[in-house]
Amino acid sequence: MAEFLSADWFRNINEVLKAGIPTSTSVWRVVFEWPDGPSSAPHAMTLSCLNGVASIGIGDHLAADALVTLTFADARALATGSLDVADALRTGRFKLRGDAKAVVEMANTLRGAFA
Numbered sequence: 001m002a003e004f005l006s007a008d009w010f011r012n013i014n015e016v017l018k019a020g021i022p023t024s025t026s027v028w029r030v031v032f033e034w035p036d037g038p039s040s041a042p043h044a045m046t047l048s049c050l051n052g053v054a055s056i057g058i059g060d061h062l063a064a065d066a067l068v069t070l071t072f073a074d075a076r077a078l079a080t081g082s083l084d085v086a087d088a089l090r091t092g093r094f095k096l097r098g099d100a101k102a103v104v105e106m107a108n109t110l111r112g113a114f115a
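Numbering-wise (full-length UniProt numbering), the sequence shown opens with residue 1 and increments by one.
Incorrect hints may appear among the rest.
Between beta-carbon pairs, the in silico distance windows are [said to hold, decoys possible]: (1) P38 to R93: 25 to 33 Å; (2) G81 to P38: 15 to 23 Å; (3) R90 to S40: 30 to 38 Å; (4) V16 to V104: 18 to 26 Å; (5) K95 to K18: 25 to 33 Å.
The set of hints was computed from the structure by calculation and includes no laboratory data. A quick note: this is a predicted structure, and the numbers were derived from the prediction, not measured. Beta carbons: idealized from backbone N, C-alpha and C, even for Gly.
Please construct the entire structure, taking both the sequences and the accompanying hints into account.
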């Protein structure tokens, strides 16, 4: 498994996303940001579904439908699957601004791709 937030990590996830989900008509962008992360790592990532293709990229996006703020440890836990998006939201482990529906669609896409 590639190191969280490394170039290989992003590349591996994008390969799974492109191969592992059915074409979707949903269009969404969700930014995850962690203000307490190490200075050597990205401070945010954007998960998107555009034209039926899901992807993940480094950094934030001004046209995001939703912004999720969480700790770096929780971001890593979400990435490794030891923390579920719904559980994190329900227990107040992250703050959500924007369209909650976009986060639900993103979570469903990730579940489908990594199931």
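Here is what the structure says about each hint:
1. Distance hint for P38 and R93: a CB-CB separation of about 20 Å, inconsistent with the stated range 25 to 33 Å.
2. Here the CB-CB span from G81 to P38 is close to 21 Å, well matched to the stated 15 to 23 Å.
3. Our hint of 30 to 38 Å for R90 and S40 holds, since their Cβ atoms are close to 32 Å apart.
4. The hinted range of 18 to 26 Å is satisfied by V16 and V104, whose Cβ atoms lie roughly 20 Å apart.
5. One distance hint, 25 to 33 Å for the beta-carbon pair K95 and K18, holds here, with the actual separation near 30 Å.
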